Structures are given as C-alpha cells and as structure tokens.
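A.B. asks: Each chain, letter by letter, is given below.
There are 2 protein chains.
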Amino acid sequence: MIWGMGRWEPNARGRLEQAAMELFIERGFEQATVTEIARRAGLTQRTFFRHFADKREVLFWGQGALQELLVSTVASAPASAAPIDAVAAALEAAGASLQERHEHARQRQAIINANPELRERELIKLATLASAIAATLRQRGVSDPAASLTAEAGIAVFKVAFERWVSEPGQPDLPKIIRQSLDDLRTVTAAK
Amino acid sequence: MIWGMGRWEPNARGRLEQAAMELFIERGFEQATVTEIARRAGLTQRTFFRHFADKREVLFWGQGALQELLVSTVASAPASAAPIDAVAAALEAAGASLQERHEHARQRQAIINANPELRERELIKLATLASAIAATLRQRGVSDPAASLTAEAGIAVFKVAFERWVSEPGQPDLPKIIRQSLDDLRTVTAAK
Numbered sequence: 090m091i092w093g094m095g096r097w098e099p100n101a102r103g104r105l106e107q108a109a110m111e112l113f114i115e116r117g118f119e120q121a122t123v124t125e126i127a128r129r130a131g132l133t134q135r136t137f138f139r140h141f142a143d144k145r146e147v148l149f150w151g152q153g154a155l156q157e158l159l160v161s162t163v164a165s166a167p168a169s170a171a172p173i174d175a176v177a178a179a180l181e182a183a184g185a186s187l188q189e190r191h192e193h194a195r196q197r198q199a200i201i202n203a204n205p206e207l208r209e210r211e212l213i214k215l216a217t218l219a220s221a222i223a224a225t226l227r228q229r230g231v232s233d234p235a236a237s238l239t240a241e242a243g244i245a246v247f248k249v250a251f252e253r254w255v256s257e258p259g260q261p262d263l264p265k266i267i268r269q270s271l272d273d274l275r276t277v278t279a280a281k
Numbered sequence: 090m091i092w093g094m095g096r097w098e099p100n101a102r103g104r105l106e107q108a109a110m111e112l113f114i115e116r117g118f119e120q121a122t123v124t125e126i127a128r129r130a131g132l133t134q135r136t137f138f139r140h141f142a143d144k145r146e147v148l149f150w151g152q153g154a155l156q157e158l159l160v161s162t163v164a165s166a167p168a169s170a171a172p173i174d175a176v177a178a179a180l181e182a183a184g185a186s187l188q189e190r191h192e193h194a195r196q197r198q199a200i201i202n203a204n205p206e207l208r209e210r211e212l213i214k215l216a217t218l219a220s221a222i223a224a225t226l227r228q229r230g231v232s233d234p235a236a237s238l239t240a241e242a243g244i245a246v247f248k249v250a251f252e253r254w255v256s257e258p259g260q261p262d263l264p265k266i267i268r269q270s271l272d273d274l275r276t277v278t279a280a281k
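Heads up: the protein sequence lines correspond to chains A and B, in order.
The end of the first sequence is residue 281 by the numbering used here, with every number in the run present.
The end of the second sequence is residue 281 by the numbering used here, with every number in the run present.
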C-alpha cells in the first residue's frame, strides 16, 4: 500500500482534479463528494484537502494566477502604450496561458453552466479581474472613467472570446479569437 | 387603530421601502429584520410580505421592469438601426426611468457596496440584463459574436455610467452620462 499513507503522491493534484471533473460531469457538482473524488483518484480525503480548500476550488484555483498574469502584463506595458493595447496584451497573454487546456476548459465550462451557484462564482471572478485591471490602469496614470471602461470592455471581450473558444471543436487559437473579438467590439460600437 | 388590521394602507409599499433603506443604512443589511422594517413603517410583517418576498427584494424588485424596458426598447428600434444604436436607446430609456430616483439610487448603492452578497446579486442582475439584450438582438437577426459583444459592451457602459451618476452630487443627467460613456468607450477602444 502506498496510497493514503501521507507519503509524496506522484501528481496528486492533477489526479484529484481529473477525478473531480469526471465526477462533476457524471453526477453533477452538487452531488459529487470529496470522499468520492479522493477515492476515484486513489488518494485520501486528507490529501485532497492538502491541495484544495473545497471541491469548488478545483474549478477556481487558477483565478489567482490568471489575475496576476493580467495585472503584471498591464503593469509592464510600455509607458507609451494606449490603455486598450496594454489590456489587449494582457488578455492575449491570459489566452496563451489557457490555450493548452482547451479540453479541460470545455469540461469546466459545461460543469459551470449546469450549476447556478458556479455561474455566479464565475461572474464574480470576471468582475474581480475587471476591478484588478482597472486598478492597474489607474496606477499607470489612466483616469476614470477611461480606466473602468477599458477594463470592463476588455473583460467583456474576454468573456465572449472565451465562450466562442470553448464552444468550438478542435484546438482553436484563443489569443487570436481574443484579437478578433476586440476588433469585433470596435466594429459593433463604431458610430455611424 | 388603523395599522395592522389588514385594511388598505396608504402607500404601504413606499413606506416599507423607505423604512428598509433607513434600517439597512443604520444597522447594515444583515442585521436589519423584517419585524423592525415593518414596525418602523407603522405596518405589520404580513403587510411587508404582501409587497416583498424578503428583505433583499426591497433592493431588487425593479429588475423585472428594467429588463422589460431594455428588451422592449431594443425590440422596437427601427429595423434599420445598428445594434449598438438600439442598445444605446434602451440604456438611455433605462437611465431616464431611474433619473428621478437619484437619492434612492445613491442610498441603494451604498447598501450594496457594503455587503458582498448584495454585490454578487447586483453582478448577477447585470449579467442577466446583458443576456436578455443579447437574446433580443438575436431575434432582430444580429448574429453572434456581434449580439453578445454589443450587449456586454452596453452593460459595461451602463455599469460605469451608473457608478458615475450615483457618485456625483446634485441631480446629474443619467441618460447624458450614458451617452458620454458610450462615446468614451469608442474613444478608449479606438485602434491607434
């Protein structure tokens, strides 16, 4: 027996995530328990809680890194960059960081769409990212309402682009879809 | 005694709303009880529950009418109107409908900003309005991603404009701030 004895488990985190996603899809997020997730991964509950605060965190642990990437990319844009270009660079960097996990993102989105509480949590995540981007733009000297509008528009673009990306089969290019969506936003908002 | 006897109460709804807002500000949303709200209004709990499902509904009962106004204005725009112009007309109509309640909106926003659960509820409200606008644009023959992007951008404009409006003293003109914010969005997203 090597499982459940507190020793180092190879890729415990990845196995727990995979087991959790399978169970969320098979049984629904509400019904799946941490006990079942750990059992399917061949690990203990204790190991689960060393990696995740609760089962919801399996779906949202990436938010911190995503926010850090967005904020650091906006902050490190050249001083001469227009706010929207700094935000576009950040969204594309975020897109590139997610690109390899297309199948995971598709599964995650299906789980979230099926559960009102998770959809709310996802909205809060997006609003939190918009606030963080707006705060970073203000630190770059962008005043309001430009900072808020640029950040909110950027997150609106990201949301729509992400939904397109997860709904398309194959391995579509998320950074490219983000650039296209920003161009689409300019087109749809253009004054006649 | 005319209170609490089930007879018609003059402006019971308005009195309950006023009493609730006062108590939410004085004691916090969590702490204020329906019993206290009814007592301050000089009415019974039973009367309260004839008008509101719970104390949170005091802050969100307007959502249905707001959504109806947005959807019907988008739906009734001339067939030749660009999607963004249909949405702009809807947002301005919504702004005009809120204009007379500036002081109420200021108080409501302070209550919501002080409570994480209410902030989440407000985000859900805005996302629901964006979905309803996008669905109405699709019924007008607008395809995606243009429908989603126009709706999300419109709600981003509304959110930022509303925050500007409630943070300004006096009786600023909300429809005008909405128009300015849409122009600001065009400016901040313009390609160089």
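No wet-lab data here; the hints were simulated from the structure.
Do not rely on the hints blindly, as some may be mistaken.
Chain copies aren't distinguished; within one or between two, either way the pair holds.
[To be verified] Heads up, simulated DMTMM-like pairs for lysine to aspartate or glutamate below, C-alpha to C-alpha not over 25 Å straight-line:
1) K144 / E192
2) K144 / E119
3) K265 / E119
4) K265 / E209
5) K265 / D233
6) K265 / E206
7) K144 / E257
8) K214 / E98
9) K144 / E206
10) K144 / E98
11) K144 / D262
12) K144 / E115
13) K144 / D272
14) K214 / D262
15) K144 / E181
These numbers were taken from a predicted model, which means no experiment stands behind them.
A.B. asks: Next step is simple, just say for each hint if it's right about the structure.
C.D. replies: A quick look at each hint next to the structure:
1. For the homomeric pair K144 and E192, the shortest alpha-carbon distance inside one copy (20 Å) is at most 25 Å, but the shortest distance between copies (42 Å) is not.
2. In this assembly of identical chains, the alpha carbons of K144 and E119 lie at most 25 Å apart only when taken from the same copy (10 Å versus 27 Å across copies).
3. In this assembly of identical chains, the alpha carbons of K265 and E119 never lie at most 25 Å apart, being 35 Å within a copy and 45 Å across copies at closest.
4. In this homomeric assembly, K265 and E209 never come within 25 Å of each other (Cα to Cα): the closest approach is 27 Å inside a single copy and 31 Å across copies.
5. In this homomeric assembly, K265 and D233 come within 25 Å of each other (Cα to Cα) only across copies, at 17 Å, whereas the closest approach inside a single copy is 29 Å.
6. With identical chains, the CA atoms of K265 and E206 are never at most 25 Å apart, being 30 Å at best within one copy and 36 Å at best between copies.
7. Proximity of K144 and E257 under a CA criterion of 25 Å is satisfied in neither setting, with 27 Å inside one chain copy and 43 Å between copies.
8. Within a single copy, K214 and E98 get their C-alpha atoms no closer than 31 Å, and across copies no closer than 44 Å, so neither meets the 25 Å cut-off.
9. When the C-alpha separation of K144 and E206 is checked against a cutoff of 25 Å, the pair qualifies both within a copy, at 13 Å, and between copies, at 21 Å.
10. For the identical chains of this complex, K144 and E98 are intra-copy neighbours only, at 19 Å inside a copy versus 49 Å across copies, given an alpha-carbon limit of 25 Å.
11. Taking the closest pair of Cα atoms, K144 and D262 never come within 25 Å of each other, the shortest separation being 29 Å inside a single copy and 46 Å across copies.
12. With identical chains, the CA atoms of K144 and E115 are at most 25 Å apart within one copy only, with a shortest distance of 15 Å there and 37 Å across copies.
13. For a Cα distance limit of 25 Å, the shortest separation of K144 from D272 qualifies neither inside one copy, at 37 Å, nor across copies, at 43 Å.
14. In this assembly of identical chains, K214 and D262 lie within 25 Å of each other by CA distance solely inside one copy; the values are 23 Å within and 31 Å between copies.
15. Within a single copy, K144 and E181 get their C-alpha atoms no closer than 29 Å, and across copies no closer than 43 Å, so neither meets the 25 Å cut-off.
Taken one by one, the earlier hints fail for this structure at numbers 3, 4, 6, 7, 8, 11, 13, 15, listed in ascending order.
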